[in-house]
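In terms of the working numbering, the sequence shown opens at residue 822 and continues consecutively.
None of these hints come from the bench; they were simulated from the model. Don't take every hint at face value.
[Stated by the list, open to error] Straight-line distance between alpha carbons at most 25 Å, and here's what the computed BS3-like set of lysine-lysine pairs gives: (1) Lys985 / Lys854; (2) Lys965 / Lys895; (3) Lys1020 / Lys962; (4) Lys928 / Lys895.
[As the list claims (entries may be wrong)] Derived Cβ-Cβ restraints for the label pairs, each shown as a range: (5) Gly1083 / Ser845: 43 to 53 Å; (6) Val984 / Ile914: 21 to 31 Å; (7) Asp862 / Arg1002: 29 to 39 Å; (8) Arg877 / Ile914: 31 to 41 Å; (9) Ala876 / Gly954: 24 to 34 Å; (10) Lys895 / Val941: 26 to 36 Å; (11) Gly841 / Arg1002: 26 to 36 Å; (12) Asp869 / Gly1053: 31 to 41 Å; (13) Val978 / Gln892: 39 to 49 Å; (14) Gly981 / Ala1068: 30 to 40 Å.
Where is the CB? At the ideal position from N, CA and C, for every residue including glycine.
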Amino acid sequence: MTDHAALLSVAREAVAKATGIIRSMTSFSVAAKGDRDMVTDVDLAVEDAVREFLARETPEIGILGEERGHQGDKDLWWALDPVDGTANFARGIPLCGVSLGLVDGLKSTVAAISLPFLDVTYTAAEGQGAYAGEERLEASKATKLSDAIVSIGDFAVGEGAEVKNRVRMALLAELGGRVQRVRFLGSAAIDLAWVAHGKLDASVILANQPWDTMAGVLLVREAGGVVVDTDGGDHTVRSAATIAVGAGLRDDLVAAIARVNG
822 MTDHAALLSV AREAVAKATG IIRSMTSFSV AAKGDRDMVT DVDLAVEDAV REFLARETPE
882 IGILGEERGH QGDKDLWWAL DPVDGTANFA RGIPLCGVSL GLVDGLKSTV AAISLPFLDV
942 TYTAAEGQGA YAGEERLEAS KATKLSDAIV SIGDFAVGEG AEVKNRVRMA LLAELGGRVQ
1002 RVRFLGSAAI DLAWVAHGKL DASVILANQP WDTMAGVLLV REAGGVVVDT DGGDHTVRSA
1062 ATIAVGAGLR DDLVAAIARV NG
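With the hints as constraints, model all of the structure from the sequences given.
Below, the structure is given as structure tokens:
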């Protein structure tokens, strides 16, 4: 049986170490990573340090990092984004974070997200609630899209981006006429953490890279929200998209997305 409390302590310490590195590296280089994507030496330094720490503390658990790939067990593994929101970070925009989730089979069971420049760490363990520091989180209770602030994930880059972004443009048009406000924050970790915190009523991320999403998915669920795929089915590590929302808006938001997908 997985000891969620002990592993949450490990996750919390891991993102604290990552936060220290991010704050200390005030000078860094930026390199291209494919079409309109980038990586900094901070991303690499953080991932290497966290990998080393996790290998020492939990050698039996695998790890998937955005920059270095998958190593070890593929049934129980850590999903790590060392700097989620690299484009923001590289330009001095403080909307970025470290995202670390423990994936057990198809779902996440432990999560820690640190926002280094907003001085907050979000944590959750399955069945134990979600927290910002010591504050227990509760997702939005909104029941009308017209009252909702909804974030949309980044537009796609790389192969197939033009086709993918037509859907995002249609989604923007659909939601823009129905919700109170639409936001683009540039960090899936923040999108999901803020849905859990009730700062956002929903987040629509038309992608599902585990390092981006799996920690935040658990936060939302433990805060009383729901996370689904575009068809309204429960989100898993294999889902194509990550739709996080307060329970009272689930049906209306899924219906809006269905209209876009036609």
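Hints versus structure:
1. Lys985 / Lys854: Satisfied, since the Cα-Cα distance of roughly 19 Å is no more than 25 Å.
2. Lys965 / Lys895: 40 Å, violated
3. Lys1020 / Lys962: The given pair, whose Cα atoms are some 11 Å apart, holds under the 25 Å limit.
4. Lys928 / Lys895: 13 Å, holds
5. Gly1083 / Ser845: 43 to 53 Å: 49 Å, holds
6. Val984 / Ile914: 21 to 31 Å: Given a distance of about 28 Å, which is inside 21 to 31 Å, the answer is holds.
7. Asp862 / Arg1002: 29 to 39 Å: 36 Å, holds
8. Arg877 / Ile914: 31 to 41 Å: 33 Å, holds
9. Ala876 / Gly954: 24 to 34 Å: Holds, since Ala876 and Gly954 (Cβ atoms, about 28 Å apart) stay within the stated range.
10. Lys895 / Val941: 26 to 36 Å: At roughly 32 Å between Cβ atoms, Val941 and Lys895 fall inside 26 to 36 Å, so the hint holds.
11. Gly841 / Arg1002: 26 to 36 Å: Cβ of Gly841 to Cβ of Arg1002: about 34 Å, so the range 26 to 36 Å holds.
12. Asp869 / Gly1053: 31 to 41 Å: At roughly 39 Å between Cβ atoms, Gly1053 and Asp869 fall inside 31 to 41 Å, so the hint holds.
13. Val978 / Gln892: 39 to 49 Å: 26 Å, violated
14. Gly981 / Ala1068: 30 to 40 Å: 33 Å, holds
Figure legend: structure checked against the earlier numbered hints; hints not met, in rising order: 2, 13.
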